[in-house]
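Please model the entire structure based on the sequences and the hints provided.
Chains X and G, in that order, give the protein sequences.
Okay, so the first sequence: first residue is 53 according to our numbering, each after it adds one.
Okay, so the second sequence: first residue is 2 according to our numbering, each after it adds one.
Since the hints were made in silico from the structure, they are not lab data.
Just some of the chain X residues that point at chain G, by a computed CB distance under 10 Å: (1) Gln58; (2) Lys61; (3) Gln90; (4) Gln97; (5) Arg101; (6) Asn149; (7) Leu150; (8) Thr154.
Just so it is clear, the structure is predicted and the values come from calculations on it, not from any experiment.
A virtual CB, placed ideally from N, CA and C, is assigned to each residue, including glycine.
Okay, here's what each chain looks like letter by letter:
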Amino acid sequence: AQRVTQPEKLLSVFKGAPVELKCNYSYSGSPELFWYVQYSRQRLQLLLRHISRESIKGFTADLNKGETSFHLKKPFAQEEDSAMYYCALGGSTGANNLFFGTGTRLTVIP
Amino acid sequence: DVKVTQSSRYLVKRTGEKVFLECVQDMDHENMFWYRQDPGLGLRLIYFSYDVKMKEKGDIPEGYSVSREKKERFSLILESASTNQTSMYLCASSGTGPTGELFFGEGSRLTVL
Chain X
53 AQRVTQPEKL
63 LSVFKGAPVE
73 LKCNYSYSGS
83 PELFWYVQYS
93 RQRLQLLLRH
103 ISRESIKGFT
113 ADLNKGETSF
123 HLKKPFAQEE
133 DSAMYYCALG
143 GSTGANNLFF
153 GTGTRLTVIP
Chain G
2 DVKVTQSSRY
12 LVKRTGEKVF
22 LECVQDMDHE
32 NMFWYRQDPG
42 LGLRLIYFSY
52 DVKMKEKGDI
62 PEGYSVSREK
72 KERFSLILES
82 ASTNQTSMYL
92 CASSGTGPTG
102 ELFFGEGSRL
112 TVL
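What follows is the structure in structure tokens.
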């Protein structure tokens, strides 16, 4: 069965401190993993996907198949990073449906 | 820019009422989805559709139905609303491009009294 676990519901860090949002997954096939972000009063949007191996807004995420993890990291948090973050796992059908984790609310303290 | 528009941002309904939530996308996307978003539970897929008149159950379809008569429009129907359906409902669409890029609407917050 497909499952995405985000163990932290809330995470607070000080501005300039490193931040890591944890995500673990369970999937028998080859996973496709994503991070979505929802800023206050904005719609949910794609932040990054593992296959692109890109850095967006200073965030990176590496897929670790051995640990079945896809943690989101940023070396120096900014106040504008405060948002709700969801890890998502690509489904097995062809319709691009995703399984989302329960989300982590990140607060960056000035 | 992809635009996914949900017609109602806020609704208040009474138990037993029929509720329609409408979603329209303007990017000619094949796939459309309805999720509900609840604190501590994340997003859970209710139904999705990969073509006109086609629909597939998601993880929590009970108490819901959907309609996709036109490619751009995907409706979520609550035949008889109940208080446990009070939630934020998110519509999303995606094309045949890279997997995982869902484009979301702003959400419809439904309160059932």
